[in-house]
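Asks: What follows is each chain in one-letter form.
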Amino acid sequence: MPSIEFRNICKYVCSNVNFTVPDKDLLVLLGHNGAGKTTLLNIVAGFVDYNGSVLLDGMPIDRVPANKRGIGYVSQDLSLFPHLTVVDNIAYGLKASKHYNGCEVADRVNELMDMMRIPHLASRYPAGLSGGEKQRVALARAMAPSPRVLLLDEPLGGLDTQTSKYLRVELRRIQRKLGITTMYVTHDLTEAEEMADRIVVIDKGHIEQLGRPEEVFFYPASKIVSDFVGMPNILDCAYCHNLGNGVVEVGCGGLPVIVPHDGNSVKRIALFPRDIYISDTLPPGPGVNRFTGLVTSIEDTREMVRLEVAAGDNKLVAELPHHIFEDMDLAVGKNVYLILKLRRIKVHEAKHL
Amino acid sequence: MNRLSWIKPGWGILPVIVFLVVWELVARFNLAPGQFLFPPFSAVVTEFYHLVVNGVLGRNFLSSLSRVLIGLSAGSIAGIAMGILMGWKEIANKALNPIFSLFYPIPALGWLPLLMLWLGINEALPITIIFICSFFPVMYNTITGVKNVNQGYVKTARALGASDRRILTTVVIPLAIPNIFTGLRLEAGMAWRVIIAAEMVAIPTGIGALMMKAESLIRIDIIIVCLIVLAVMCLSFEKFFAYIEMRLTRQWK
Chain L
1 MPSIEFRNIC KYVCSNVNFT VPDKDLLVLL GHNGAGKTTL LNIVAGFVDY
51 NGSVLLDGMP IDRVPANKRG IGYVSQDLSL FPHLTVVDNI AYGLKASKHY
101 NGCEVADRVN ELMDMMRIPH LASRYPAGLS GGEKQRVALA RAMAPSPRVL
151 LLDEPLGGLD TQTSKYLRVE LRRIQRKLGI TTMYVTHDLT EAEEMADRIV
201 VIDKGHIEQL GRPEEVFFYP ASKIVSDFVG MPNILDCAYC HNLGNGVVEV
251 GCGGLPVIVP HDGNSVKRIA LFPRDIYISD TLPPGPGVNR FTGLVTSIED
301 TREMVRLEVA AGDNKLVAEL PHHIFEDMDL AVGKNVYLIL KLRRIKVHEA
351 KHL
Chain G
1 MNRLSWIKPG WGILPVIVFL VVWELVARFN LAPGQFLFPP FSAVVTEFYH
51 LVVNGVLGRN FLSSLSRVLI GLSAGSIAGI AMGILMGWKE IANKALNPIF
101 SLFYPIPALG WLPLLMLWLG INEALPITII FICSFFPVMY NTITGVKNVN
151 QGYVKTARAL GASDRRILTT VVIPLAIPNI FTGLRLEAGM AWRVIIAAEM
201 VAIPTGIGAL MMKAESLIRI DIIIVCLIVL AVMCLSFEKF FAYIEMRLTR
251 QWK
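Residue numbers (my numbering), protein chains in the order written: chain L, 1 to 353; chain G, 1 to 253.
Excised from the complex, chain L in its bound form:
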């Protein structure tokens, strides 16, 4: 499977975009609506004209028409042909290519239906399928003609959390099995982290950061990236002691933090502001991950109250719902107690980078 290279791509919001998707990688394009993610997919697919150059495995494909590029494409609405059965939908690309005879088409369709675990849907029409079933059919159809690369534009949007999670695992399994270079658009960070070999964060057509998921999360290259990944508190670890039983103690700016982890090379930890409890009275329970701090700023956003608290050498940001904030007597300069939610702490080990 080829790599995909973007060279000086200009189209709509995208200006001078340069990056490469390595061979067999699953690259997640992460960004807000209108950031230019779908535009980049459309450019690879050949659906729009553009300035610059796209190379598949080093060969420019700019002059190759969309139907000759060998692209598997799944759009957000899936676009299953409503007048064709599941079998005919999956066979569509095979019949269009004219490289397969009738038996080969049937064999390939059956192979894909088995792979996607949908043989029981063969004669059904899309109108009679559930959201998850439609996703599987759309993926099977896109993969049927053995495309050179797979472009997935928010294919799991609109599904319930459970089905979406299940299909993410399935999709990742199949992508790894086939080793097909894939570009996957989403604005869901969890989805991106679970699926990506690499993440590219795009904002207003500009590449903010390209890297492995933990790289993007623990080393955000800009405030935009940090905002996008939820503005986590990222703390450097001075030491890491494995306490056994799947927990380690790490030293972060003078605070001993207990983290659920098995290993002894934790380099950074991260915690979302919503995962830090704030209390104006001494919280009950053992003293694990409980610290005192000094409120240094209070910012009232529409949804939450955001507190900056100095604890040890760290400046931690915590978020409180309005009603809880109003029940407490909090002000800048006051001491508060913090509890770091144990299971919410994310860990980055040095060996990954």
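In case anyone wonders, no lab produced these hints; they're calculated from the structure.
Computed from a prediction, not measured in an experiment: that's the story for all the values here.
Backbone N, C-alpha and C define an ideal beta-carbon position, used for all residues, glycine too.
Be aware that one or more of the hints could be misleading.
Partner residues are not named here, just some residues of chain G that face chain L (Cβ under 7 angstroms, in silico) [claimed, not checked]:
no.: 1; residue: R158
no.: 2; residue: R166
no.: 3; residue: P174
no.: 4; residue: Q251
The calculated lysine to any residue pairs, modelled on SDA-like cross-linking and capped at a C-alpha distance of 20 angstroms, are [what the hints assert, rightly or not]:
no.: 5; chain 1: L; residue 1: K315; chain 2: L; residue 2: E299
no.: 6; chain 1: L; residue 1: K95; chain 2: G; residue 2: R165
no.: 7; chain 1: L; residue 1: K341; chain 2: L; residue 2: P284
no.: 8; chain 1: L; residue 1: K68; chain 2: G; residue 2: R166
Position chain G against the provided structure of chain L, taking the given hints into account.
Replies: Frame of chain L, contents of chain G only:
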């Protein structure tokens, strides 16, 4: 429970029977002014029988039917072909739409005087009128159908390797069928209305011409027979196209 749920399927014929009975009674008991202008239903049925037996109705009906079939088929085929071309190729739409927009508002019967002079009084005249009557609406409905096909399907088919021609024949036209048939259904009934009017005015044969002859002889019963035939044909043609559409799309719509 719905208050009308006790009405069983098939009972829709009941109001028709009541209407016919009332009609018969009103005519029999001279409850309507001018008896000869209001024959009873039984007289209409008797006349229908006579017209069928002596072949007058059959001959005129077949004249009208053949004109409708030829004109409607030609107009629909041309309308669908032109509609597909204009819906699929924007350049064709831009080039031809101004011309068609100019002609479309002219009622089909408005062409009659001109066509009488150009074509003369022969079979080509009513067929051409039916052609014009069906061509424009079918064409515009087809354009709408083709243009309304979700571009997502077109993009997906293209990414799957389909050529423009294949996309048109396997995706766009099948998905435009509901719109195309809306045009066909409407125009199938309209063709009968127009042919009757044309035959009344300018053609010496056909159901419309028979009605005009009956009018000059003050044969209300024959006029009513012709109107009933017209009503049945309009309804049958519309139902026929609705049935075909249902057969083509019922599994996926």
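Asks: If a hint holds in the structure, say so; if it does not, say that too.
Replies: Now the hints, each set against the structure:
Hint status for G:R158: holds, given a least beta-carbon distance of 5 angstroms to chain L, under 7 angstroms. Given hint, G:R166 at the interface with chain L, holds; its Cβ is 6 angstroms from that chain's nearest Cβ, closer than 7 angstroms. Interface hint status for G:P174: upheld, as the beta-carbon distance to the closest one in chain L is roughly 5 angstroms, under 7 angstroms. Proximity of G:Q251 to chain L holds as hinted, the smallest CB-CB distance being about 6 angstroms (cut-off 7 angstroms).
A C-alpha spacing of about 15 angstroms is found between L:K315 and L:E299, which places the hinted pair at or below 20 angstroms, so the restraint holds. Under the criterion of a C-alpha separation no larger than 20 angstroms, the hint pairing L:K95 with G:R165 is consistent with the structure, at around 13 angstroms. For the hint pairing L:K341 with L:P284, the CA-to-CA distance comes to about 14 angstroms; that is within 20 angstroms, so the pair holds. A distance of roughly 14 angstroms separates the Cα atoms of L:K68 and G:R166; the hinted pair therefore holds under the 20 angstroms criterion.
Against the hints set out earlier in the document, no violation occurs for any number.
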